[in-house]
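There are 2 protein chains.
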Amino acid sequence: MEYQQLTKDTIKDYVMQYPSAAEALGGAKEIAIEEIGDGNLNYVYRLRNAAAHNKSVIVKQAVPYLRMAGEDWPLSRNRMDFEIRALQFYNELVPSFVPKIYHADEDMSVIIMQDLRDHNVIRYRMIEGEVFPRIGEDVGKFLAETLFRTSGFGMDSLERRRLMQKFNLNDELCKLTEEFIFTFPYMEHDSNYDNPKTSDYARQTIRQDREYKLRVLKFKELFLTKADALLHADLHTGSLMGNTDETYVIDMEFAYFGPFGFDVGKIMANFFMAFTSHYYHSDDATYQGWLMEEAFKIWDRFESGFLKLWGEQERSAMLEVGMLSDEELAAYKKSFMKRLLQETVGFCACSLARRTLGIAGVPDIRKIEDEDLRSTLEITNLKLSQKLMMSYDTIETVGQFRDIVEQFYTDTNLSYMEKS
Amino acid sequence: MEYQQLTKDTIKDYVMQYPSAAEALGGAKEIAIEEIGDGNLNYVYRLRNAAAHNKSVIVKQAVPYLRMAGEDWPLSRNRMDFEIRALQFYNELVPSFVPKIYHADEDMSVIIMQDLRDHNVIRYRMIEGEVFPRIGEDVGKFLAETLFRTSGFGMDSLERRRLMQKFNLNDELCKLTEEFIFTFPYMEHDSNYDNPKTSDYARQTIRQDREYKLRVLKFKELFLTKADALLHADLHTGSLMGNTDETYVIDMEFAYFGPFGFDVGKIMANFFMAFTSHYYHSDDATYQGWLMEEAFKIWDRFESGFLKLWGEQERSAMLEVGMLSDEELAAYKKSFMKRLLQETVGFCACSLARRTLGIAGVPDIRKIEDEDLRSTLEITNLKLSQKLMMSYDTIETVGQFRDIVEQFYTDTNLSYMEKS
Numbered sequence: 001m002e003y004q005q006l007t008k009d010t011i012k013d014y015v016m017q018y019p020s021a022a023e024a025l026g027g028a029k030e031i032a033i034e035e036i037g038d039g040n041l042n043y044v045y046r047l048r049n050a051a052a053h054n055k056s057v058i059v060k061q062a063v064p065y066l067r068m069a070g071e072d073w074p075l076s077r078n079r080m081d082f083e084i085r086a087l088q089f090y091n092e093l094v095p096s097f098v099p100k101i102y103h104a105d106e107d108m109s110v111i112i113m114q115d116l117r118d119h120n121v122i123r124y125r126m127i128e129g130e131v132f133p134r135i136g137e138d139v140g141k142f143l144a145e146t147l148f149r150t151s152g153f154g155m156d157s158l159e160r161r162r163l164m165q166k167f168n169l170n171d172e173l174c175k176l177t178e179e180f181i182f183t184f185p186y187m188e189h190d191s192n193y194d195n196p197k198t199s200d201y202a203r204q205t206i207r208q209d210r211e212y213k214l215r216v217l218k219f220k221e222l223f224l225t226k227a228d229a230l231l232h233a234d235l236h237t238g239s240l241m242g243n244t245d246e247t248y249v250i251d252m253e254f255a256y257f258g259p260f261g262f263d264v265g266k267i268m269a270n271f272f273m274a275f276t277s278h279y280y281h282s283d284d285a286t287y288q289g290w291l292m293e294e295a296f297k298i299w300d301r302f303e304s305g306f307l308k309l310w311g312e313q314e315r316s317a318m319l320e321v322g323m324l325s326d327e328e329l330a331a332y333k334k335s336f337m338k339r340l341l342q343e344t345v346g347f348c349a350c351s352l353a354r355r356t357l358g359i360a361g362v363p364d365i366r367k368i369e370d371e372d373l374r375s376t377l378e379i380t381n382l383k384l385s386q387k388l389m390m391s392y393d394t395i396e397t398v399g400q401f402r403d404i405v406e407q408f409y410t411d412t413n414l415s416y417m418e419k420s
Numbered sequence: 001m002e003y004q005q006l007t008k009d010t011i012k013d014y015v016m017q018y019p020s021a022a023e024a025l026g027g028a029k030e031i032a033i034e035e036i037g038d039g040n041l042n043y044v045y046r047l048r049n050a051a052a053h054n055k056s057v058i059v060k061q062a063v064p065y066l067r068m069a070g071e072d073w074p075l076s077r078n079r080m081d082f083e084i085r086a087l088q089f090y091n092e093l094v095p096s097f098v099p100k101i102y103h104a105d106e107d108m109s110v111i112i113m114q115d116l117r118d119h120n121v122i123r124y125r126m127i128e129g130e131v132f133p134r135i136g137e138d139v140g141k142f143l144a145e146t147l148f149r150t151s152g153f154g155m156d157s158l159e160r161r162r163l164m165q166k167f168n169l170n171d172e173l174c175k176l177t178e179e180f181i182f183t184f185p186y187m188e189h190d191s192n193y194d195n196p197k198t199s200d201y202a203r204q205t206i207r208q209d210r211e212y213k214l215r216v217l218k219f220k221e222l223f224l225t226k227a228d229a230l231l232h233a234d235l236h237t238g239s240l241m242g243n244t245d246e247t248y249v250i251d252m253e254f255a256y257f258g259p260f261g262f263d264v265g266k267i268m269a270n271f272f273m274a275f276t277s278h279y280y281h282s283d284d285a286t287y288q289g290w291l292m293e294e295a296f297k298i299w300d301r302f303e304s305g306f307l308k309l310w311g312e313q314e315r316s317a318m319l320e321v322g323m324l325s326d327e328e329l330a331a332y333k334k335s336f337m338k339r340l341l342q343e344t345v346g347f348c349a350c351s352l353a354r355r356t357l358g359i360a361g362v363p364d365i366r367k368i369e370d371e372d373l374r375s376t377l378e379i380t381n382l383k384l385s386q387k388l389m390m391s392y393d394t395i396e397t398v399g400q401f402r403d404i405v406e407q408f409y410t411d412t413n414l415s416y417m418e419k420s
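Chain order of the listed sequences is S and E.
Counted from 1, the first sequence has number 121 at position 121 by the working numbering; the numbering is strictly sequential.
Counted from 1, the second sequence has number 176 at position 176 by the working numbering; the numbering is strictly sequential.
Take the hints with a grain of salt, since some may be wrong.
Same chains, same label: a pair holds when it works inside one copy or across any pair of copies.
[To be verified] Once the Cα atoms are required to be at most 35 Å apart in a straight line, the calculated DSBU-like pairs of lysine-lysine come out as:
#: 1; residue 1: K383; residue 2: K338
#: 2; residue 1: K297; residue 2: K166
#: 3; residue 1: K334; residue 2: K8
#: 4; residue 1: K334; residue 2: K197
#: 5; residue 1: K197; residue 2: K333
#: 6; residue 1: K218; residue 2: K338
#: 7; residue 1: K218; residue 2: K308
#: 8; residue 1: K419; residue 2: K383
#: 9; residue 1: K141; residue 2: K166
What the hints contain is simulated information worked out from the structure, not anything from laboratory work.
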């Protein structure tokens, strides 16, 4: 079908022509249409059976420009191709963690998918202090499955390159990441956020710290060149929806083949920023304690899941039966996971800096009105970024990583803030 | 044009329909047709004007199987797509180093190209002890241009991913490399070469040396995942043709986006293996001295050329003006080139082992009839591989690399061999 932008007038007819979408809407005659979502890039609608509120679908469509900036900022619609391909792939691989697809159409840049009615965007509930008992476990499992199964350890060489080919041209969104995560925050740039004390701190420290910046460039180089596995590539707490029983991963338009540690480090960084923000949102350490547990549960569950899958895989693009003895293989896995951990820490450090200094902050902190309080938390995140970036290559175990983070927060001597 | 395999009966009519090919043949009525080439993968013909021997063209066509093994060993013809794309790209980028194209056709898996009549395959002339005064200089320059210009330092991010997309599906030849360079030589495998003393040495040393094998796997991982630049990916002395004035690079069907050090390390390894072979082919150290000079001239000229191009490039996918001060940029380049050197040494070590233990040996040594003499040289190459693999990460400068290689040959105490 040739591309046309759906409107409230045309969307119902478009959706109802697809049997599984019509069925999800209970074949309704009367449909309530609501535009939802924060609308940075795309249009997102909820269509609901006016007579039965548990019958609904989500329709997501890309437009050929950056929606938040308008038609003067062109951005290829092809970003939706990659979201469609990733969501279809994940529906096969990890169906319990992603919305079901009722219909997807690359020409129309549209997906009609399951409405996660009983789930909430986790970032906003975390700001409120809500506990999601399964979050660390589920995210770790999602990462283990998606990263292992699309890596050279989980796939045959030919199969892997063919999958890679489907994602390689996600070039515009890769470029956004290269610039907004790995470049602009570390220099003076018009796109950066400006809170005077925070900006001053950045100017006096990381923007003139040669070693810190060279390490950032090392991770930028990994992002640009290292095709370990199919990444979600925008995995933060705003890309998660959940409740006490389930966790869903959404918004995979950034999907591409990149370095393992980018997905893992980014989501962990978002837990640390939530932790920092709760010096403001909480009155004591209870919720922070839970956040710290879950952040490291992500790593633990990811690592054990990755190694379990590896144990079940006899041969792959990377490993041939007979090249390594059992002891040699065990040593290889150990050194491999250590390196993956170190790369996770480095990418975590980059995420902390970009979400603090770059255009896209975390609402956990950016929405705090008091500039001074906000900048205290922002500078805390920057210091954690510095600490992690300067020590990532000395970290041998996840226990050391956790010790560094916990000691860091102890040393800040931050107290719980009075709300103004 | 739909694929059909060209024969001596059909090739003339096929070639003469393309004006630039017909012109290269001087519009001849009578054409001499000769099948040339070692014929491992493809068919290669020389067509020559029967009346004017300086009017000729080369026709190279892929068949849908591995020619040396026959139709029972299918191998996709698409390998020729990548040779065509690489040769076209290099004709734009480094026209003085590659044959001109008269016609190329992916459907027919065929290239009609310049006949390098006045040039010889360098490997065979090196065995004879011929000096090519420009070889190190030219190969270094070729590497600097091709690797820098297709890297994240020499290209914009979008442009780079679009070029990558053209080569990503060279999957069957990548798999051959993964297996034959990075896997089979380090284990017992039917495809391996067998010379008893050499095989015994391998069994008692590298095939049970855990650290050596884990390092090989690190380089295999880089080959599989790290897309630094468009590589030739099969750059050895048999892929070079030259004379005293010019050097040409041919046979680029393995071209894909991979790690910088693979191209550089592989060609240097071929110079070292030629050096080793001249304990047999020469009666004194004169020619070896020249080989050693040229091997390191490749690195020197590559490094200086890469850095010169980098100095002229204001911005790129990797670097934005304003992120680094001049001193910071200088420090970054220094640490980057050190890492590239170390990766070169590691890939060089892999090449030495695979060309000694794997199916595809170097004729410089494999063609020596005396099994004992041959195995002395083979074991020398394996020891050099071990030496380089175990020390690559301690090497800070190319001077140290050269010292290690020269000291290694001194320590072998090899004498020039009497021919039997």
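To see whether the hints hold, each was checked on the structure:
no. : hint           : result
1   : K383 with K338 : both (24 Å within a copy, 29 Å between copies)
2   : K297 with K166 : within (32 Å within a copy, 40 Å between copies)
3   : K334 with K8   : neither (55 Å within a copy, 58 Å between copies)
4   : K334 with K197 : between (43 Å within a copy, 34 Å between copies)
5   : K197 with K333 : between (44 Å within a copy, 32 Å between copies)
6   : K218 with K338 : both (17 Å within a copy, 13 Å between copies)
7   : K218 with K308 : both (30 Å within a copy, 21 Å between copies)
8   : K419 with K383 : within (23 Å within a copy, 69 Å between copies)
9   : K141 with K166 : both (24 Å within a copy, 34 Å between copies)
Taken one by one, the earlier hints fail for this structure only at number 3.
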